[in-house]
Amino acid sequence: MADADTIDRPEATELPDPLEMPTLCPGAMAGSNPYPAKPDHNTALGFPGELVDDWHDRAIDKMGELLGKYRSFRVYLDSCVKCGACTDKCHYFLGSGDPKNMPVARQDLLRKVYRRHFTLAGKYFPKLVGAADLTEDVLDDWYSYFHQCSQCRRCSVFCPYGIDTAEISMAAREILDTVGKGQKYCNEILGKVHKIGNNLGLPEPALQATLEDLEEDIEDETGVPVKLPLNVEGADILLITPSADFFAEPHIDGLIGYAKVFHQAGVSWTLSSYASEAANFAMFIGSYDQMREVALRIRKAALDLGVKRIVVGECGHAWRVAYSFWNTLAGPFDFLDPNYPIPQHICEFTYDLIQKGQLTFDKSKNDHMTLTFHDSCNVSRASRMGDMPGGQFEIPRAIIKAVCNNYVDMAPDTIRESTFCCGGGGGLLTDEIMDIRKKGAQPRMRALRQVADENGVTHMAAICAICKTQFTKVMPEFGFDRESIVSVHQLVSNAIILDPPEDAGEPEEDDEDEVTVAVEAATESEEAVQAAADEK
Amino acid sequence: MLTTAYALLFYFATIVLVAGLAWRIYEYATVPAPLKIPTTPAPTTRRGVIFRMGREVVLFESLFKSNKWIWLFGWLFHVALAVVVLRHLRYFIEPVWSWVVFVQPFGVYAGFAMVVGLLGLWARRFLVPRVRYISAPSDHLMLALIVAIGLSGLAMKFVARTDIVAVKAFFLGLVRFDPQPLPADPALLVHLTLVALLMIIFPFSKLLHAPGVFFSPSRNQVDNPRERRHLAAWAARMDRQPGE
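Protein chains in written order, with our numbering: chain A, 1 to 536; chain B, 1 to 244.
Rather than coming from a laboratory, the hints here were simulated on the basis of the structure.
In this text, a Cβ means the ideal position worked out from N, Cα and C, and glycines have one as well.
Possibly wrong hints are sitting among the right ones.
Straight-line C-alpha distance at most 20 Å; calculated EDC-like pairs for lysine to aspartate or glutamate [claimed, not checked]: (1) B:Lys-68 to A:Asp-413; (2) B:Lys-65 to A:Asp-88; (3) B:Lys-65 to A:Glu-20; (4) A:Lys-123 to B:Asp-139; (5) A:Lys-308 to B:Glu-227; (6) A:Lys-62 to B:Glu-27; (7) A:Lys-38 to A:Asp-53; (8) B:Lys-68 to A:Glu-20; (9) B:Lys-68 to A:Asp-17.
Between beta-carbon pairs, the in silico distance windows are [unchecked claim]: (10) A:Asp-481 to B:Glu-227: 38 to 44 Å; (11) A:Arg-58 to B:Gln-180: 33 to 39 Å; (12) B:Phe-214 to A:Gly-49: 25 to 31 Å.
Just chain A, same shape as in the assembly (with noise of 0.2 Å):
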């Protein structure tokens, strides 16, 4: 066993290496465990209260009807060959040293089990094939370590065969909840959505109130009457996006960045009260029922606003579930117009307009940052942007490069499919699990640590919710400031020029100060004025 010592390296001062192999430390993280559900939070949900009497019979009885409706589950428990491709591959195992973090291992905590019940080497020769019971203690091991993976896929990436160790966490989770040992994070925050219409139960009013405060701060800083519309009938775009968005930062300058764009590109868009939440935790817990219950709530909300577009913000896993499985599970939507994308990006929907040189910036506006942008997990791995594979790399990255002069990529191996997850996702936001979170977040960390170091990178832009609120969290723990993280559409609202209000006709002193400052900043930037004279 090595010293804990070895784990809790003094991150701020060196430049170790993202990718440093770490020495094994069995059982580091055995007594990481979220704190479990209430028994109403899971019997909202259709679970049991609390841990069954027939846990184990259940169990397995759940284990075999997953096995018979998802191919991947059944595929991924028969392929593995063991190889060790993607033993370093995770960052919980490069953070904590934990073996049982090694995405084969931790796949073998349920494998062990489905050998000993459903294959005939398990049954009959357990210790050869590596077969096992399940015990109590099993059952406490998939607490533990299916709540020690995000679900980011990184795995998969590095995988001979693809096997994803995110479809057998979910799965796992599935069974805990069916027999009654579900999270309180994720089961919690499913019920509000069900209830209230987001994950952290704002209600209609609060929303409503939000929205007009921050309608005000706009217009006191820009001069624009800058909307944010709340369940407006007949409205071209809904917009769907993390509540997080609402009242956190960085989150809600980027919700300001999106109102400016939508402001600037002349659209009726709202947001509605009903579904005012992107994220779908069900997915984390592996229930399709409930994804499917969340994401009707959205379809409903198109439908009752009789909306034209569905755009969906800043969100890793939302934009999965929103790009990968709305369809599936919401579709088909034949009442929108199938003339965009369904649904959208607010990346691509933005990225559109500076395409087609609709909007203006001023780039020296965010000259005090020195950027990179962080590929969020399941934006990189596991969903698309535009056209072509690899829009969601691209996507991004531009938009940043017209908005900012100071931009930076961090390692290639660790961006792009190869990036690593901010080490809070797959419903592990939560503080109680502080400790694995932040030896989640080590390689990425590291990798930022070496671009500050080496190319004065000062901010780190990225597009999930969950990203920003973990590194807010995080980042202090690695010598960076916690707003050091931004929104990328925070970068969008800082250099986008607002064009000045129609009805200035008698503008009181501080409004002709500010046309005078908008006027300003437009003179002092080439492309901007050359953007203007083109759109002229």
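Since the structure of chain A is already known, use the hints to place chain B on it.
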């Protein structure tokens, strides 16, 4: 007696292998994949997926991205194995096809390469702590089995020659359901026993990665969920539930 025993053994092994694999493939093909989960970036067309899958099974693309040592030994072993298997086709066909004749000279080198690749992969199971941690007895035994097949095959080439004409007559006889006498050479009998054992355990072991890779949703799915609605039969039934 010996001839009869081995004839029955190989008929049994062939049946188990073919029927077992057919059953597994049927299972993999019929279990639904209710969600679109290709690991992106992923191809947006079926043709793109075919190319992706081709790169995976021929070049081991993902493994190359992952770990060069495993890739080196793994690729060496698999390519060598392919050549060796092709070389052995001559025992089952008459007259021997021209490209099988072409392969013959490479077969011996492939035999050595196969064993070297396997020994490299096996060494990792002892030398790399992470791989040692995940290794079960069956992982070692599987490597031992295939190494033994390779070594016994090489032994017949270089140490204890066997009557390959008689061996060919035996296997052609099996194909025609008219078994001919099998030579009683120990190395040959060991080789054939181990091969039959491999055939028998194939459908019940991790060798299912061979058909499994083609059914892996993260690799074989087209990335077109916005363009085309993807729906499993069991999920489609939910669309028609009352109250929706």
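> In ascending order, which of the hints set out earlier in this document are inconsistent with the structure?
Replying inline: Structure breaks hints 11 and 12.
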